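Novice: Here is how the chains run, residue by residue.
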Amino acid sequence: MEKNPLSFQLKLNPDDFLPATEEEKEGLVVMRDSVSFWKDGFRRLRKNKVAMVCLFIIIIVMIFAFIVPAFYPYSYEQQIQGANNLAPMQYSAKEMEQIAAGEKVFPHFFGTDKMGRDYAIRVMMGSRISLLVGIIAAAIILVIGSVFGSIAAFAGGWVDLIMMRIVDIIYTIPDVLLIVLLSFALKAPLKVLAQAPGFGWISVVGENLISIFIVFALLYWVGMARMVRSQILMLKESEYVTAARALGASSARIIKKHLLTNCIGTLIVTTTLQIPSSIFTESFLSFLGLGVAVPMPSLGSLASDAINGLNTYPYLLFIPAAVISLIILSFNLLGDGLRDAFDPKLKN
Amino acid sequence: MGKYILKRIALAFVTIWAVATITFFLMNLVPGGPFLSEKAISPAATKALEAKYGLDKPMAERYFTYISDAAHGDFGDSLKQRGRTVMDIIATKFPVSAKLGGMAVILALCVGVPLGVLAAYKRGTFIDSLFSVIATCGIAVPGFVICTLLLYVFGVKLQWLPTLGLKNAQSYIMPVVALAAYPTSYIMRLMRSSMLDVLGQDYMRTAKAKGLSQKVSLFKHALRNAILPVITYVGPMLAYTLTGSFVTEKIFTIPGLGGEFIKAINGRDYTMIMGTTIFLATIMIVMNVIVDIVYKLVDPRIKLK
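Chains A and B, in that order, are what the protein sequence lines are.
Using the working numbering, the first residue of the first sequence is number 57, and each one after it goes up by one.
Using the working numbering, the first residue of the second sequence is number 1425, and each one after it goes up by one.
Treat the hints as calculated values from the structure; they're not laboratory data.
All values reported here derive from a predicted model rather than from experimental measurement.
There could be a bad hint or two in this list.
[Stated by the list, open to error] Here are the simulated DSBU-like cross-link-like pairs (lysine-lysine), alpha carbons at most 30 Å apart as the crow flies:
id, chain 1, residue 1, chain 2, residue 2
1, B, 1471, B, 1481
2, B, 1504, B, 1687
3, A, 243, B, 1517
4, A, 81, A, 67
5, A, 243, B, 1687
6, B, 1504, A, 247
7, A, 247, B, 1471
8, A, 243, B, 1581
9, B, 1471, A, 243
10, A, 292, B, 1431
11, A, 95, A, 312
12, B, 1523, A, 170
13, B, 1591, B, 1581
14, B, 1523, B, 1581
15, B, 1504, A, 243
16, B, 1504, B, 1523
17, B, 1581, A, 170
18, B, 1481, A, 247
[Claimed, not checked] Partner residues aside, some chain A positions facing chain B, computed with beta carbon under 7 Å:
id, residue
19, 228
20, 229
21, 232
22, 237
23, 336
24, 339
25, 343
26, 365
27, 366
28, 367
29, 370
30, 373
31, 385
Glycine is no exception: its CB is placed at the ideal position from the N, C-alpha and C atoms.
The following block holds chain A by itself, in its conformation from the complex:
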């Protein structure tokens, strides 16, 4: 049929009115995969080059601190005969003979200390102690701080008032003074306790290390508690809390399932930033001779021991000093990166 040039009638194609095929239907769906909180955060974190480099450094340090010592030919307390005060990569006379005889001798990458102990393994063990202190202390602080803060915020009223006054008092107590005092005073009672049946593990971990944990647990949770409280005060007005309550959820369940999970960003960031500050304090204590007990090394005590020989063996000081600075720096920068990624509101 010919089309009249003056006609307004549309010329329709009957094919356009066929039912859509499955493929065509798929193409019309504009929904994307939902981006979860974690995915979103990690995507932002991956873009942050500084934070990724720091994460990489932390992983490397952790491998050296926790895995490598198991395969290392020397032990941290083993004193090698005649190998005192070796410079990095130097061999003792005896070891030279062994090499001449065709034996293989594992090199002392960082030399040895004045008692003939391989310094590389001591630095690794020292990093292990420092990292353990940082991570465990941060975990303790996370638990105590978030429980205390959320209860105070959720209960409100005079409970909140009293709990926050306690926080205020602990907050104004000069922490380092009390830490020095506590770690000194707790040592002996813990030693007595270690003799009691069932508490033998105390001497395995070391009294000093446990007293450091107790100190952190007693004093350092207040910052976390304040942070969590302020978040929860805001969150508890949300509708989903009312909804959960209407459905009959208990307060404990609301705190656990709804409130704490919603301030997880703050929790992650504060905990990560707590790790370097705990490591910092531990190294300070060890440096003053109040940290971990000999022969167990910590980065602080290694540096402290090396001061007397600073003139002749400066590398004994520089290696642990560099490692501890690197660890603290990496955790700090990673914490900043995590804050930008997971908790953008917190920035400045």
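Fit chain B to the known structure of chain A by using the hints.
Specialist: Quick look at chain B alone, frame taken from chain A:
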């Protein structure tokens, strides 16, 4: 205002009392009395010494005597340095530490504030990134590392500066710089972020629109507002320099209160430990209260609770 000040002071008193109480009971947890390490001492002599210092009385009685004496500024006699009262030792040693700490605080403020302002003013440039790297490192490196590095480079290798004691002006340089490193970095960061905050405010644009010179708007308007957060940091900074001096004094063998405190701990000199702790804690707490009150006074935007 008056209510706020009263509340702060009351809280400070409670805190000082808490510190004194904790210190007292902690000291009593430690076994091995102060006279154990003395050579060849008969049980009778120990008894006599304990009676002299009141260590034979029940704990509750000792506690109340101690608290009431401490409230009068009497911390008793040192158990190790015979014939000297704790207050006497503190009076001779504290000025050394205070001088060092005070110089470090002034240095930190004089260096940290201008550099922070400069970094904010030149944000995004090379100078800004350079300063931010320096500040980040300054915060991450522990005090003893900075001390020993300075000691090694300037004392041992170059031999420019004396390594021990405080004999002349040059010998102050290293300890003060080492002590000031952390607070300087912190103030730099604080100053930069607060300056950036202020520079973005409307009144800065108004100042510019009025035709004020860069210098006037920066120093008269921006700096005044941006420096407020630094004031809040003065309290913690004093606490840091007072306790940081433990390490500095140990490394540079300076006869200050920090070294005395560590010595007292190792020698189990109960009265000295308690006295020093309460004394230092009181200074820190009082300084914090003063700083808080000053902060509220100078910043009218803060509502007084």
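Novice: With reference to the structure, classify each hint as holding or not holding.
Specialist: Cross-check of the supplied hints:
1. For the proposed pair residue 1471(B) and residue 1481(B), the alpha carbon gap of about 12 Å is at most 30 Å, so the pair holds.
2. Proximity of residue 1504(B) to residue 1687(B) is assessed by CA-CA distance (about 10 Å); at most 30 Å being required, the pair is judged to hold.
3. Using a Cα cut-off of 30 Å, the hinted pair residue 243(A) and residue 1517(B) holds, with the two alpha carbons roughly 28 Å apart.
4. With a CA separation close to 25 Å, the supplied pair residue 81(A) and residue 67(A) stays within the 30 Å bound.
5. Distance hint between residue 243(A) and residue 1687(B) is fulfilled; the C-alpha atoms sit about 17 Å from each other, no more than 30 Å.
6. A hinted pair counts as satisfied when its Cα atoms are at most 30 Å apart, and residue 1504(B) with residue 247(A) qualifies at roughly 25 Å.
7. At most 30 Å may separate the alpha-carbon atoms for a hinted pair to count; residue 247(A) and residue 1471(B) meet this at roughly 26 Å.
8. The suggested pairing of residue 243(A) with residue 1581(B) is violated, with an alpha-carbon distance near 39 Å, which exceeds 30 Å.
9. A distance of roughly 26 Å separates the Cα atoms of residue 1471(B) and residue 243(A); the hinted pair therefore holds under the 30 Å criterion.
10. The hinted pair formed by residue 292(A) and residue 1431(B) meets the criterion: a straight-line CA distance of about 28 Å does not exceed 30 Å.
11. In summary, the hint linking residue 95(A) to residue 312(A) is supported, as the alpha carbons are separated by about 22 Å, within the 30 Å threshold.
12. Straight-line distance between C-alpha atoms of residue 1523(B) and residue 170(A) comes to about 37 Å, which puts the hinted pair past the 30 Å bound.
13. Annotation: proposed proximity of residue 1591(B) to residue 1581(B) holds, straight-line Cα distance about 20 Å (limit 30 Å).
14. For the suggested pair residue 1523(B) and residue 1581(B), the alpha carbons sit about 27 Å apart, so the restraint of at most 30 Å is met.
15. Pair hint residue 1504(B) plus residue 243(A) holds up; C-alpha atoms about 21 Å apart against a cutoff of 30 Å.
16. With a CA separation close to 26 Å, the supplied pair residue 1504(B) and residue 1523(B) stays within the 30 Å bound.
17. Taken as a hint, the residue 1581(B) and residue 170(A) pair is honoured in the structure, with Cα atoms around 22 Å apart against an allowance of 30 Å.
18. Restraint check: the Cα-Cα separation between residue 1481(B) and residue 247(A) comes to about 26 Å, which is no more than 30 Å; the hinted pair holds.
19. With a least beta-carbon distance of about 5 Å to chain B, the hint placing residue 228(A) at the interface is held under the 7 Å criterion.
20. The closest approach between the C-beta of residue 229(A) and any C-beta of chain B is roughly 6 Å, which is under the 7 Å cut-off, so the hint is satisfied.
21. Look at residue 232(A): its Cβ gets to within about 4 Å of chain B, closer than 7 Å, so that hint holds up.
22. The restraint placing residue 237(A) at the interface with chain B holds, with a minimum CB-CB distance near 6 Å, inside the 7 Å limit.
23. Here the hint on residue 336(A) is kept, as its CB sits about 6 Å from the closest CB of chain B, short of 7 Å.
24. At a threshold of 7 Å, the smallest CB-CB gap from residue 339(A) to chain B is about 5 Å, leaving the interface hint in force.
25. Annotation: interface hint on residue 343(A) holds; nearest CB of chain B at approximately 5 Å, less than 7 Å.
26. Hint status for residue 365(A): violated, given a least beta-carbon distance of 11 Å to chain B, over 7 Å.
27. A hinted interface residue such as residue 366(A) counts as satisfied when its beta carbon comes closer than 7 Å to some beta carbon of chain B; here the least separation is about 6 Å, so the hint holds.
28. Checking residue 367(A) against chain B by beta carbon gives a least distance of about 6 Å; that is within 7 Å, so the hint holds.
29. Here the hint on residue 370(A) is kept, as its CB sits about 6 Å from the closest CB of chain B, short of 7 Å.
30. The restraint placing residue 373(A) at the interface with chain B holds, with a minimum CB-CB distance near 6 Å, inside the 7 Å limit.
31. Because the beta carbon of residue 385(A) sits about 4 Å from the nearest beta carbon in chain B, less than 7 Å, this interface hint is met.
Checked against the numbered hints listed earlier, the structure breaks hints 8, 12, 26; every other hint is satisfied.
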